[in-house]
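Colleague: The chain contents come next:
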Amino acid sequence: MDHITFLVAVVIVTALAFDFTNGFHDTANAMATSIATGALPPRTAVLISGVLNVVGAFLSTEVARTISGGIVDDTLVSPGMIFAGLIGAILWNLLTWLVGLPSSSSHALFGGLIGAVWVGAGSHGVNFGKVVEKVLVPAVASPVVAGVAALLATYLAYRLTDRARKDSVTQGFRIGQVASASLVSLAHGTNDAQKTMGVITLTLISAGALGHDAGPPLWVIVSAGLAIGLGTYLGGWRIIRTMGKGLTEIQSPQGFAAETASTTVILTSAHLGFALSTTQVASGSILGAGLGRRLAEVRWGVAGRMAVAWVITLPAAALVGGLAAAVVQHGGDPGTAVVALVGAALATGIVVVSRRNPVHAHNVNDAHGVSIRTEPPAKVGAAA
Amino acid sequence: MHLDWNALGQVAAVSLGATVAVVVVFALGVLGLARPEDTRAQHALGLTQATLCFLACAAVVAYGIYLIVPQFH
Chain W
1 MDHITFLVAV VIVTALAFDF TNGFHDTANA MATSIATGAL PPRTAVLISG VLNVVGAFLS
61 TEVARTISGG IVDDTLVSPG MIFAGLIGAI LWNLLTWLVG LPSSSSHALF GGLIGAVWVG
121 AGSHGVNFGK VVEKVLVPAV ASPVVAGVAA LLATYLAYRL TDRARKDSVT QGFRIGQVAS
181 ASLVSLAHGT NDAQKTMGVI TLTLISAGAL GHDAGPPLWV IVSAGLAIGL GTYLGGWRII
241 RTMGKGLTEI QSPQGFAAET ASTTVILTSA HLGFALSTTQ VASGSILGAG LGRRLAEVRW
301 GVAGRMAVAW VITLPAAALV GGLAAAVVQH GGDPGTAVVA LVGAALATGI VVVSRRNPVH
361 AHNVNDAHGV SIRTEPPAKV GAAA
Chain E
1 MHLDWNALGQ VAAVSLGATV AVVVVFALGV LGLARPEDTR AQHALGLTQA TLCFLACAAV
61 VAYGIYLIVP QFH
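Protein chains in written order, with my numbering: chain W, 1 to 384; chain E, 1 to 73.
Where hints are given, some of them may not hold.
Which chain W residues face chain E? A few, computed with CB under 10 Å, are given here [stated by the list, open to error]:
| id | residue |
| --- | --- |
| 1 | Gly56 |
| 2 | Ser142 |
| 3 | Val144 |
| 4 | Leu156 |
| 5 | Arg163 |
| 6 | Phe173 |
| 7 | Thr190 |
| 8 | Thr260 |
| 9 | Ser262 |
| 10 | His271 |
| 11 | Val338 |
By construction, these hints were calculated from the structure, which means they are not laboratory data. Glycine included, every Cβ here is placed at the ideal spot set by N, Cα and C.
Using the sequences and the hints given, assemble the complete structure.
Modeller: In structure tokens, the structure reads:
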């Protein structure tokens, strides 16, 4: 194990930390509407989702061979840049969680890597054409498709069951929601856990600890699966509230329509090789389901803030990743340690601030807003 | 830069079609169990309708799991 240098060890720990934030950031995608409609008790929902994420992690044998799918030039990427990129992604994930905004963990990871590679290897290391093709186009198209599908499905579901007994209808769709939400969780586990496995595996390969074309060792699969599962189980309650209650008041037929739309968009895209963000798909579906029911109130202010978060996720994570990369590159191991400590301190700070107005399993459905009372103290730019 | 509009259109069409189909069939199943007027004959009919619809939905779920799990391919 003498191949495992200090830097490689730090990268592995950071990758697992990112995986963890990815899990709790994305619990909402699968479970927010089920929790909001009472189809599942909050604790049960996150438990099911966590377990299915772990199962999904073990099922995905085809671990990403590239870190970024060609968005950055993988041959130029050093473990230091991966580390810097991960720090950017983690801090952005935590900050958006603090304010209760669902944002894409994949975009945060891509953003962090783009910033780190840009600073570390120059702008030629970033493939901007691929950024448009793999990130921007799916980011615009997928929520629209999911939203339209959910809107139409919701409208038809209400038309069809218009004259039926309301309690049976509600109960029927609640049961349907459990199945559709579980599918989203499973799909999430197979997709997102393997991203972290890919990052760790490629780091080990670049450090010479694994041969070229080696698959992930068992401990990588186990730890990545557990990290995302544990994160999912702890649940990003702030984001769950925004998605389940903040955008619109969800009833069970809408929840079923939204989750079905998310599942089909995720599965058809994966089948045709599109990378997309589960978060954006799920938000689009919920918005569509809100519009599909007559008299349902859609809070456009919340939707607007979410859209802004989507737009700035990639550049913000890139900024932090770039700053961190600069310190790592010039500071060597001490620089890496400094970045890790500053990152950990900021993360702790964000968690402390969240305690002022905590959102948890017991109060997640009580309100539709997430407030922190005071200004968030975490200046992302200070991460390096 | 190369955009595969064809694949994008496919994703859109298949997603839209599948979502609407599943939700409509499921809604018909729910309707079978929740009709307001309820004579004995209608009840049996509703039950049959619900069973068929939910079986169809279960088949779609099974297909979804098949798509998710790479070992099945």
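Colleague: Determine which of the earlier numbered hints do not hold for this structure and return their numbers in increasing order.
Modeller: 11
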